[in-house]
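*Asks:* Below are the chains, spelled out letter by letter.
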Amino acid sequence: MNFLLEIGTEEIPHWMIPGALIQLSAMDLFGATPEVDATPRRLVIRASNVAERTPNQELTITGPPISAGEKAAAGFARKQQVDPGTLIQIGDYFALHKQIPGRAVRDILSETLPSTILGIQWPKTMYWVGGKTGPRFIRPIRWIVALFDDEVIPFEIAGVKSESVTRGHRQLGSFGIPVTFANYESELRKNFVILSADERRQKIVTEITQLGAKPDADLIETLTFITEYPTAIRGDFDSAYLDLPAEVLTTVMRHHQKYFSVESADGKLAPHFVAVMNTNGDPEGLVKRGNERVLKARFNDARFFWDVDQHKKLADRVEDLSHVTFQAKLGSYLEKTNRIVKLVEELGGDGHAQRAAYLCKADLTTEMVKEFTDLQGIVGGLYARHQGEPEAVAKAIYDHYKPLSMEGEIPSTLEGQIVALADKLDTLRGCFAVGLVPTGSKDPFALRRAAQGVVKILVEAKLEYKLDDLANGELKDFLLDRIKYYFREIRGFKYDEVNAVLASGVATLENLEARLEWLAKVRPTDDFEPLAVSFKRINNILKQANFASDGEINVALLEEGPEKDLYDAYWQVGAFDSLAESIASLRPRLDRFFDKVMVNVPDAVIRTNRLTLLHKLLSKFSTVADFSEIVTSGEQE
Amino acid sequence: MDSFQQTVFKLKRYWDERGAIIQEPYDVEVGAGTMCPETFLRVLGPKPYRVAYVQPSRRPADGRYGENPNRLYKHMQLQVILKPSPDDILDQYLGSLEAIGLDLSKHDIKFEEDNWESPTLGAWGIGWQVMLDGQEITQFTYFQQCGGIDLDLVPAEITYGLERLVAFLQGVESVYDIEWTRGVKYADVRLADELQFSVYNFEMANVDRLWRLLGEYEAECKELLAAYETYPTLGVSTLQPRRFPLLAAYDQVLKCSHLFNLLDARGAISVTERVGVIKRVRDLAVGTAKMWADQQA
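Chains as they are written, first to last, in this note's numbering: chain A, 1 to 637; chain B, 1 to 297.
No wet-lab data here; the hints were simulated from the structure. Since no wrong hints were added, every one of them can be taken at face value.
In silico lysine-lysine, BS3-like type, Cα no more than 27 Å apart, as pairs: (1) B:K74 - A:K370; (2) B:K279 - A:K124; (3) A:K296 - B:K185; (4) A:K370 - A:K402; (5) B:K290 - B:K222; (6) B:K106 - A:K258; (7) B:K290 - A:K132; (8) B:K279 - A:K329; (9) B:K279 - A:K442; (10) B:K279 - A:K132; (11) A:K296 - B:K106; (12) A:K536 - A:K596; (13) A:K288 - A:K258; (14) A:K203 - A:K190; (15) B:K106 - A:K203; (16) A:K132 - B:K47; (17) B:K290 - A:K124; (18) B:K106 - A:K190; (19) B:K106 - A:K288; (20) A:K370 - B:K279; (21) A:K296 - B:K74; (22) A:K620 - A:K466.
With the C-beta cut set under 7 Å, the calculated list includes, among others, these residues of chain A facing chain B: (23) E10; (24) W128; (25) G131; (26) I226; (27) Q257; (28) M277; (29) T279; (30) L286; (31) V287; (32) G290; (33) N291; (34) V294; (35) A297; (36) F304.
The following label-pair restraints were derived from C-beta to C-beta distances: (37) B:A61 - A:A328: 16 to 24 Å; (38) B:T181 - A:A182: 51 to 59 Å; (39) B:V189 - A:S239: 33 to 41 Å; (40) B:N115 - A:T525: 51 to 59 Å.
Glycine included, every Cβ here is placed at the ideal spot set by N, Cα and C.
This is chain A alone, in the form it adopts within the complex:
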């Protein structure tokens, strides 16, 4: 049997659609695989080979105990709607085998589809009929197509009855289009709806590329789910606007207008843009002209902001930051600025870094940043350069919000790195101090991102600050979480390697990275895993013996043979860079030691001496990694 469900809605926010499709693709369709697709106005599930009926089932139902008598048995039979004669006895109970006939899947779907549809989880929902007790969905549901082998599966949601009639594109398509499973997609296409997101995406990519646009994956994705029939057009703007910084022009085009920018052969911005319409063409050039007009107004605004902003230099704006709230409990951005300057000094930032720290938030008072908030920092950097600040200062301001994401670049200069680090650390310390700690998915101050930035800068810029000097307590734990995340998810180290290295303590992140790289390198060598197993064993022995000794090894008490050999090997364990070779020589000796030598001997003096040897051996490695954290092949991951 074929199955088609189309949930017709008003325009769903583009970024929520893929998540809804993932949920719908998990729908139980009686053995068939659901195929899902969507436009902003419709969520669609299709499947072929859906069972017509569920199979018949035989159930065994247990009734009252036999001791309850015939009367109870009769009551049980009546309730189950069977002849008392068909009851059987299982053990001490009456029972019956009941034949449950299979059901028509269409009937089942007609009962379950409403809750399946309303059960989709959305980031934010609304009600539209029946007040707050009415159904909730992302946007109002306006029509529903539900077909089972082209017969309507009857149900109703919020007053909308399922039917076999869909709707086309808002402006170009028909309002009532009868469809079948077979012609559904082609009927939509005739009515200017491209159902397949892949096809819309491909159409966008092909057309914008032909028009010379610089592809932008996020924007392509947005436009794919904001259109039912995407068509790209190219527009132009006066090249006089190219005087404005490319960052500003690109932000206006991309973030405010959802346009792609166009670059000339030398990589500079060209005075064109590419827009993606939700319609099939622009034969009279009306859409092109409209968009050009809007863009011109936007660029004029930007130019107006740039000119107005130059009336007051960044340095003269710093005091105005007392009027800009950073966070209610943490005061204004002026207070934050003063803290960042001090922190940059403590971190050893030079004069340029300190100047950049002093100026870095001043652009928050500019018209440009008030209008284009995602250009904060960048605008400050551009203005600083324009106003004659040294290049190192301008660059540090420009970069100090970086990295913007886990994949993003860190600031490119030391001054920028230090200012960025100080800014983020100040936010983290401040928020943690007043109890604004992220919980679950709630992180209104983007502290995870700030912490991630701290970690990324420390590691990738190879800055030699010790973690303990930067954070302690709850904040240190929070940073440790981010450190784990960074090395596992971004750098691809195995989780047990990260745990092993962290268990040996953290000084600088540069050192942590070196130890981790070492561990990942020696891990595949033949001797490593057996050694790790032995180290676990040592750990257990020491733990069981409650061993805590700072004593020395008494060489005179060592037995010739395996014990003495192990002691010699212990001495040969060298510094960090030669640890790899030590593993090779240590491993057979340690094996032999455990094979031949008894640690828990009755003689307390000998026992302590042997435990001391093992303890010292473990300590030599424990500055690098705690091998007992390594998951070996004998253990379950």
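Starting from the known structure of chain A, fit chain B onto it as the hints suggest.
*Replies:* Chain B in isolation, oriented as in the chain A frame:
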């Protein structure tokens, strides 16, 4: 080509044909058409209502001395409230664009997510900004809550930004070049307001007196709200409970809100004060809304 006022006539006519009361602008300063009692109070309670009106909306901080071609201290909104929202509301809305001369088959229309929230009114809703060839021309909202009260009948609110829309239709780059009526430009009618009120709002408004006025209007509102609690339910007329002047209390809320905006434009509200003043206004708005819902029940 239609003039500014002809376009307004056509929109009013369109919504008149769809059963809306055509109201005139409210006569107390508001920052948006939503704040008018015709929206803020009427969306409360179980009674269906349809209304459309042009509302001049004052936003002191947005003034640009008449120098910026697209930003105004006072702009005009055409506000439409349909309570409850009809099923074909978006089609009706698109129909209104055709009614003012747009051939939609030749234009690009997109509905982009834009949810609306007003902390001072304790109100929020779900909706879109409507983009016409890349220009935002309308804010569309399904109200969910107003004055802190969950709404019984979800209204659709359509807010047309008239200057933007007409500038688009007339193909002019500055709102001041819009033809208001034959031979009269927008600048002829409105430029003086923009210039003089920018000077007043940013430079000359007496901050101390504004603070005092804010306190006075707040006190008046509070006094009324307190009196509602003890107002006798029985009296000379069966309409006794309905006599209580909550509409007057609400005017005080609007006065406070406007004074807050003025003080803000004047740079007179410090960081620490800001949250507090917003809360003062919200408490008045929410209090009035609750009592209004109670009075109308």
